[in-house]
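There are 2 protein chains.
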Amino acid sequence: MSYGYAKPLNVLIKELSSLPGVGGKTAQRLAFHILSMDDARAESLANAILTAKKEMKYCSVCGNLTDQEPCSICSDDTRDRSVICIVETARDVFAMERLREYRGLYHVLHGTISPMDGRGPDDINLKSLIIRLQENDIEEVVIATNPSIEGEATAMYIARLIKPAGIRVSRIAHGIPVGGDIEYTDEVTLLKALEGRREL
Amino acid sequence: MSYGYAKPLNVLIKELSSLPGVGGKTAQRLAFHILSMDDARAESLANAILTAKKEMKYCSVCGNLTDQEPCSICSDDTRDRSVICIVETARDVFAMERLREYRGLYHVLHGTISPMDGRGPDDINLKSLIIRLQENDIEEVVIATNPSIEGEATAMYIARLIKPAGIRVSRIAHGIPVGGDIEYTDEVTLLKALEGRREL
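As given, the protein sequences belong to chains U and L, one line each in that order.
First residue of the first sequence? That's 321 in the numbering used here, and the numbers climb one at a time after it.
First residue of the second sequence? That's 321 in the numbering used here, and the numbers climb one at a time after it.
Just so you know, not all the hints are guaranteed correct.
[To be verified] Below, simulated DSS-like cross-link-like pairs (lysine-lysine); rule was C-alpha separation at most 27 Å, straight line:
(1) K374(U) <-> K374(L)
(2) K377(U) <-> K345(L)
(3) K374(U) <-> K334(U)
(4) K327(L) <-> K345(L)
(5) K334(U) <-> K345(L)
(6) K374(U) <-> K327(L)
(7) K377(L) <-> K327(U)
(8) K334(L) <-> K374(U)
(9) K374(L) <-> K447(L)
(10) K334(U) <-> K377(L)
[Stated by the list, open to error] Listed next, the stretches of chain L that the computed footprint assigns to chain U, with coverage defined by at least 3 CB atoms under 8 Å from CB atoms of chain U:
(11) 361–374
(12) 400–414
The hints are simulated quantities; they were obtained by calculation from the structure and are not laboratory data.
Note that this is a predicted model, so its numbers are computed, not measured.
Every residue, glycine too, gets a C-beta built ideally from N, C-alpha and C.
Could you put the whole structure together from the sequences, leaning on the hints where they help?
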């Protein structure tokens, strides 16, 4: 769609509307806002994109997003190096870190195994995990993939791969979210909550 | 908020969250998406911002956003040069143009008169309108400011300013939107609809 705008504006709207959650209307509103900003403000927005893109890389050890190599978590000597938490994305690392509870290391898969979509074990960041487990003294692997079909399948695959090496493998608990309502909880979640019950 | 991210990522999130309708969570999602894009895609997004900002200017005649001078509407000889439609923003020009009905010229005020916010007639693009009206043979001015308190006040002010010169001044109709419901229409709109009734 060209919206009848001049070309530079059209190009900007097209670029913005390729972002997730940004539709045509939102892209137009953002584009007009950008045009109404000071030149310096617009430049700093564009530069932030270029700088972040240039300086943020994936850590060669764990696959986390970082501007140093290895990342600040992998190079932190105060962390527990005997535990690795496996997550799907770098965003999940930050979600876990916000808890200020987990003190081990991470491994980012950058995706899940999903045969339906043609994604096998070789398409995720798994080989480097195996090497990490062989070269380091790891006692426990916590699998924190999402509770989706792909996340579960990936967790099962990794558990079967690792367990023979004598490493303890655990999975984060599924159940009713805190503040949730049993009446409105879907059956699969309620079943998981029942299966995962703990003695009081 | 720093979210615990590395600096380049933090800067990007901060810049993105300054955009309208983009909160902290959305800015994070957009930032992570940008980091996951190809380098070329991220560059073309940044360049689109810089290029649009550099090449899009306000038309010196009507105040519309344009990449040529004067704008494509002002320089279009097939348009009716005896009518000027006054709008608040360049976005309103595009909204009018999408109708493919209006064939006259435009004048963009870049705002409204709003004594409450300390914005007087000198703070909007009004002087150049007066000069246009003096130097050209204009028969009608259509005031298409928004039906808000500021838009109405601005319309009234301009009408009183122009009318003594013998130019016909009109205001776009307010009423119930097509597809709207009388039962759920607010009273002010319903009153406007009644006042603006036309004989069938």
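Tested hints:
For the suggested pair K374(U) and K374(L), the alpha carbons sit about 23 Å apart, so the restraint of at most 27 Å is met. Annotation: proposed proximity of K377(U) to K345(L) holds, straight-line Cα distance about 21 Å (limit 27 Å). Taking the CA atoms of K374(U) and K334(U), the gap is about 23 Å. The hint holds against a cut of 27 Å. Restraint check for K327(L) and K345(L): satisfied, since their Cα atoms lie roughly 17 Å apart, inside the 27 Å limit.
The straight-line distance between the Cα atoms of K334(U) and K345(L) is roughly 23 Å, inside the 27 Å bound, and the hint therefore holds. Taking the CA atoms of K374(U) and K327(L), the gap is about 12 Å. The hint holds against a cut of 27 Å. A distance of roughly 12 Å separates the Cα atoms of K377(L) and K327(U); the hinted pair therefore holds under the 27 Å criterion. Restraint check for K334(L) and K374(U): satisfied, since their Cα atoms lie roughly 17 Å apart, inside the 27 Å limit.
Restraint check for K374(L) and K447(L): satisfied, since their Cα atoms lie roughly 26 Å apart, inside the 27 Å limit. At roughly 19 Å between alpha-carbon atoms, K334(U) and K377(L) fall within 27 Å of each other, so this suggested pair holds. Given as covered by chain U, the segment 361–374 of chain L passes the check, having 14 residues with a CB less than 8 Å from a CB of that chain where 3 are the minimum. Note: the segment 400–414 of chain L has 4 residues with beta-carbon separation from chain U under 8 Å; the three-residue rule is met and the coverage holds.
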